[in-house]
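Asker: Using my numbering, you'd call the opening residue of the sequence shown number 1 and step up by one each time.
Derived from the structure by calculation, the hints contain no laboratory data. Because the structure is a prediction, the values reported are computed rather than measured. It is possible that some hints are incorrect.
Distance ranges between label pairs, derived from CB positions [claimed, not checked]:
#1 Ala67 <-> Gly6: 27 to 35 Å
#2 Arg28 <-> Asp133: 20 to 28 Å
#3 Arg76 <-> Asp34: 19 to 27 Å
C-beta atoms are modelled at their ideal positions from N, C-alpha and C, and glycine is treated no differently.
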Amino acid sequence: MIFPCGTHVLMWRLDEEPSRLLALCRERGIPVDDLVDQPVKRQREKVAERLLLCSAFGSPVTMCHDAQGAPSVEGRDVNISITHTPQLVALAWNERVAIGIDAERTDRQQVLKVRNKFLNSSELQFIAPDDLDAHIIAWTAKEAVIKAERNSAIDWTEGIRLEPFVINPDETTVIAHCGSRDYRLVTRMVEEHYITLATPIVSLRHGVGQ
């Protein structure tokens with residue numbers, strides 16, 4: 001899929017057994033010996049990550065993480081972001097601007113129980129307590145901004161402020177503010193998940209990289 005500002009997104013639905021995923025990696029020359037003894041959940045996620053990276057860049061690549069846990073690709077000048085759920089792994093990359101991606105299942109009821117932990121007073125006013133879709137979109141929006149900022153210490157409630165938004169069946173747009181930066185967030189429903197991508201608005205306005 002193509003998202004705003006030329007961001008590419010690849011997804012892998014985690015239907016296969018870990019042994020099948022490991023075999024696919026070995027067929028493509030992707031190292032996996034370090035994952036053989038990992039717990040099944042982590043093994044599946046990491047193997048799918050490596051398969052997506054290989055597909056995105058045309059050959060096996062090495063992923064690194066900074067002190068905040070933000071990912072990068074060794075030897076490549078490209079911005080990447082990754083998200084996992086128990087059923088899905090998604091990889092986003094963009095050669096020009098910082099990005100963040102997050103995904104959650106459309107039926108994840110738990111977000112309703114913790115709304116006071118990630119919504120500020122303004123957001124609590126325009127997001128109805130029983131609106132599951134709006135809560136999931138808001139959750140993924142804030143997580144995507146944190147990933148784009150590459151700063152896991154950002155406060156979820158006051159550190160990121162969402163403007164009121166209207167859910168569209170095809171694509172929902174949310175505007176967010178984080179410190180001195182503004183973000184445009186695009187949410188799409190794919191494979192029973194809401195997938196949200198964050199892109200800084202200032203980069204779009206001034207054509208960074210053009």
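Asker: Could you run down the list of hints and mark each one as holding or not?
Answerer: Hint by hint, here is what the structure shows:
no., hint, in the structure
1, Ala67 <-> Gly6: 27 to 35 Å, "holds (28 Å)"
2, Arg28 <-> Asp133: 20 to 28 Å, "violated (37 Å)"
3, Arg76 <-> Asp34: 19 to 27 Å, "holds (21 Å)"
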